[in-house]
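Chemist: Protein sequence lines correspond, in order, to chains A and B. All residue numbers for the first sequence refer to numbering that gives the first Met the number 0, where the first residue is 0 and numbers rise by one. All residue numbers for the second sequence refer to numbering that gives the first Met the number 0, where the first residue is 0 and numbers rise by one.
Any given hint could turn out to be false.
Derived DEER-like restraints, expressed as beta-carbon distance ranges [stated by the list, open to error]: (1) A:L161 - B:H179: 46 to 56 Å; (2) B:S314 - A:P52: 13 to 23 Å; (3) A:E163 - B:L258: 50 to 60 Å; (4) A:R225 - B:G51: 45 to 55 Å; (5) A:E163 - B:A55: 18 to 28 Å; (6) B:H110 - A:D190: 37 to 47 Å; (7) B:G445 - A:R130: 42 to 52 Å; (8) A:D92 - B:G361: 24 to 34 Å; (9) A:E163 - B:D53: 20 to 30 Å; (10) B:E297 - A:E163: 52 to 62 Å; (11) B:R203 - A:R130: 56 to 66 Å; (12) B:V41 - A:G200: 16 to 26 Å; (13) A:A94 - B:A480: 43 to 53 Å; (14) B:A55 - A:R130: 29 to 39 Å.
Straight-line alpha carbon distances no greater than 27 Å define the calculated DSS-like cross-link-like pairs of lysine-lysine that follow [stated by the list, open to error]: (15) B:K42 - B:K30; (16) A:K60 - B:K31; (17) B:K42 - B:K31; (18) B:K422 - A:K146; (19) A:K60 - B:K422.
Hints were generated in silico from the structure; no laboratory data involved. Cβ atoms here follow ideal geometry from the backbone N, Cα and C, with glycine treated the same way.
Each chain, written out:
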Amino acid sequence: MRLALYVTCLVDLMRPSVGFATLRLLEAAGCEVVMPEGQTCCGQPAWSAGDRPAAASLARKAVAELEGFDHVVIPSGSCTDQIRQVFPELLADDAAWAARARSLAERTHELSSFLVDVLHFSAPPAEFAGRVTYHDSCKGLRALGIKQQPRDLLLKVRGLSLTEMADCEECCGFGGAFSVQFGAVSTQIVDRKCASITATGADAVVGGDLGCLINIEGRMRRLGDRRTRVLHIAEVLADGSAP
Amino acid sequence: MSQAAPRSQAMFFKARAGEKVRNPVLQGALKKARPLFVGKRVKGMASLAEDGLDFAAMSAAAEEIRNRVLADLDVWLDIFEERARAGGAEVLWARDGDEIARLVVDIARQHGVRTVTKSKSMLSEEANLNAALAAAGIRPVETDLGEYIVQLAGEPPSHIIAPAVHKTIGEVEALFAREHGRPLEARTSADIPAMAREARAVLRQHFLAADMGISGANFLIAESGSAALVTNEGNGRMVTTLPRIHVVITGIEKLVPTLEDFATLMRLLPRSATGQSISNYVSLLTGTRREGDLDGPEKTLFILVDNGRANILGSPWQDMLRCIRCGACMNHCPVYFSLGGHAYGWIYPGPMGSVLTPLYTGLENALDLPHASTGCKQCASVCPVRIPLPSLMHGLREEQVKRRLRPWSERLALRAWAWLAGKPALYRWAMRRAARYLSWLADGRGAIQEFGLAPAWTAGRDLPVTANKTFHELYAARKRA
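Just need the whole structure built from these sequences, with the hints factored in.
Modeler: And the structure:
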């Protein structure tokens with residue numbers, strides 16, 4: 000099985016450790032992982048802003064560089080949603096690309112869902128002495144139906160216990176450009192999320208989307224919480240050490 | 000939009016949002032209300048399951064009913080008009096809010112009406128009807144408790160089914176003390192029943208004295224020519240049966256073909272709105288008082304309103320016309336519950352408002368609203384008629400770009416970024432520079448506290464920075480090693 004890892008632009012720039020953790024994890028699951036050379040960004044920011052031509056052009060670029068693999072794995076529900084649901088819609092009227100976009104969409108997976116649903120993998124090579132709580136990111140949960148997969152995997156980590164926070168399915172207020180365009184509103188929303196996390200007393204909050212995590216971590220630190228760790232699920236499952 | 004209709008303030012969403020976030024009284028009220036709304040729907044869905052019904056299947060059926068009506072709306076309207084007339088009602092048509100106001104004032108004058116009682120109607124908000132009636136020397140009295148409160152406060156409703164959700168008990172007490180001419184008292188939530196009784200006693204006199212009642216309609220039923228009214232306080236019945244004249248104001252899209260269809264929608268409406276398996280009152284109002292009837296109006300008039308709806312028919316936004324005004328989308332919206340409804344600047348708040356306001360008042364007059372969403376899709380997941388609200392908001396964003404309504408700086412930044420993302424080698428170089436720059440700004444502290452390029456981000460948050468090299472850079476180095 001030839002597997003492409005699409006690390007996402009946010010991981011590339013903001014937290015490379017998530018990319019390496021994903022790589023280690025997939026290799027531990029027995030995959031041969033290829034890093035497609037030209038990958039940049041799936042174009043979601045352009046799409047969200049309503050710039051269809053720019054989004055379509057980046058979608059074509061991503062389809063071309065990823066379609067040659069059996070599967071594409073992404074450590075993000077948000078970017079996976081862009082490829083799985085948005086690309087086929089975006090390129091539907093483009094005769095040369097519509098079928099290619101649909102085919103890629105079917106073979107593109109969010110990390111935890113790939114491990115559980117495709118590989119039936121259940122032995123993350125990790126240990127975590129502590130209690131975590133899981134934040135369901137919106138696109139992963141409501142667009143892709145990812146709910147149980149990350150929890151199943153986390154519970155397989157030695158020493159880890161899971162405590163659900165209140166309203167774990169509530170948005171963290173990130174929303175990409177939303178958090179900058181409507182910063183004050185976004186802060187108001189993430190405050191509720193931080194309060195739910197803090198109330199669990201967990202040692203770490205874990206999520207599957209770096210955007211949400213940067214938002215949550217940024218607010219927690221600003222509020223003075225230096226204790227609660229904010230971790231991507233790949234970091235926890237792959238033992239999370241830096242590259 | 001002309002003078003009489005309420006002027007939209009939707010252009011000022013961002014500024015108003017800032018004010019609302021900084022208002023601790025409002026924030027307190029919203030913080031209390033949110034879990035109640037969410038909890039009520041959870042209960043409603045549980046009662047649906049107890050009845051052996053499945054939300055997905057029911058909402059698919061509801062969607063089908065609404066689509067069936069919209070596909071042949073003109074035909075259903077003709078049928079409704081004919082049946083309503085056969086029952087003794089008059090049917091009038093209004094093109095916009097001004098025309099609603101003019102028709103209602105004319106009817107009132109013609110029949111020597113001095114006071115009007117009103118049951119909750121968002122359509123009357125589209126007409127700014129209370130102001131028009133007052134200007135004509137007619138006193139309108141809102142009789143839904145929440146509407147009564149916001150009328151006393153001189154404010155528009157902030158929620159389509161809970162108009163005073165933004166008010167605290169203390170604020171309501173102050174309004175009641177002033178209006179009812181009594182000293183201010185210390186109130187807690189335990190006093191709510193007493194305060195409701197107090198309002199009830201005042202409203203009772205208005206119910207008995209009113210010459211004309213104005214209500215909305217949750218649905219119009221084509222086969223019977225009836226208006227269906229879904230209420231909890233009983234005020235709807237007083238308004239529609241006691242006065243000699245009853246005016247129903249409703250949008251042309253509120254039609255359903257049959258009573259059977261109405262029954263299907265009623266399985267979902269109260270459950271989605273308040274979590275009740277059925278509301279306290281469900282009234283089917285057909286025609287006028289007949290021989291031998293003990294009550295009922297001598298005259299019933301329907302005012303069927305377009306006000307932008309016909310333009311949406313057959314457009315890419317037609318799905319929005321399925322809306323049955325349950326409020327579930329706003330009750331589950333993180334943005335709505337950070338701000339309350341007034342921030343949205345026009346009549347309809349929350350996700351449904353973020354679609355309707357630009358469509359009814361003009362895309363260029365509500366530029367922020369389609370963007371006032373985190374993209375969380377909660378609204379779509381709770382909508383009982385499966386309106387793809389996130390897709391509709393997204394479509395409006397695309398329309399803004401197409402019509403060049405976005406700020407040039409935003410367009411330029413996006414285009415430059417998209418161009419860069421299309422050139423991998425250059426993009427890699429730029430990201431390497433960006434990583435160095437962010438790391439330099441973080442200066443060993445692990446985060447940036449003040450970021451000049453995105454001050455809105457660091458106004459409320461740190462920007463965590465963990466590395467000074469990009470993933471691709473580190474990966475390439477590792478492969479070489």
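Chemist: The structure should be examined with respect to each hint, and the outcome stated for every one.
Modeler: Taking the hints in turn, this is what the structure says about them:
L161 of chain A and H179 of chain B have their C-beta atoms about 54 Å apart, which keeps the hinted 46 to 56 Å range intact. For the hinted restraint 13 to 23 Å between S314 of chain B and P52 of chain A, the CB-CB distance of approximately 22 Å keeps it satisfied. Range check, E163 of chain A to L258 of chain B: about 44 Å between beta-carbon atoms, so the 50 to 60 Å window is missed. As the Cβ distance of R225 of chain A to G51 of chain B is approximately 52 Å, the hint placing it in 45 to 55 Å holds.
Restraint check, E163 of chain A to A55 of chain B: a C-beta distance of roughly 24 Å satisfies the suggested window 18 to 28 Å. Separation of H110 of chain B from D190 of chain A is about 54 Å and departs from the stated range, judged on CB atoms against 37 to 47 Å. For G445 of chain B paired with R130 of chain A, a C-beta distance near 23 Å fails the hint of 42 to 52 Å. The given range of 24 to 34 Å is respected by D92 of chain A and G361 of chain B, whose C-beta atoms sit roughly 28 Å from each other.
Distance hint check for E163 of chain A and D53 of chain B: the Cβ-Cβ separation is about 25 Å, which falls inside the suggested range of 20 to 30 Å. Between E297 of chain B and E163 of chain A the CB atoms are about 60 Å apart, so this pair conforms to the stated range of 52 to 62 Å. Between R203 of chain B and R130 of chain A the Cβ separation comes to about 57 Å, which falls inside the hinted range of 56 to 66 Å. Remark: the range hint 16 to 26 Å for V41 of chain B to G200 of chain A is upheld by a beta-carbon distance near 25 Å.
For the hinted restraint 43 to 53 Å between A94 of chain A and A480 of chain B, the CB-CB distance of approximately 45 Å keeps it satisfied. The hinted window of 29 to 39 Å between A55 of chain B and R130 of chain A holds, with their beta carbons roughly 35 Å apart. With a C-alpha separation of about 20 Å, the suggested pair K42 of chain B and K30 of chain B falls inside the 27 Å cut-off, and the hint holds. Proximity of K60 of chain A to K31 of chain B is assessed by CA-CA distance (about 48 Å); at most 27 Å being required, the pair is judged violated.
For the given pair, K42 of chain B sits about 18 Å from K31 of chain B by alpha-carbon distance, which is consistent with the 27 Å threshold. Pair hint K422 of chain B plus K146 of chain A does not hold up; C-alpha atoms about 36 Å apart against a cutoff of 27 Å. Of the pairs offered as hints, the one joining K60 of chain A and K422 of chain B holds, with about 10 Å between alpha carbons and a cut-off of 27 Å not exceeded.
Violated hints, listed in ascending order, are 3, 6, 7, 16, 18; each of the other numbered hints is respected by the structure.
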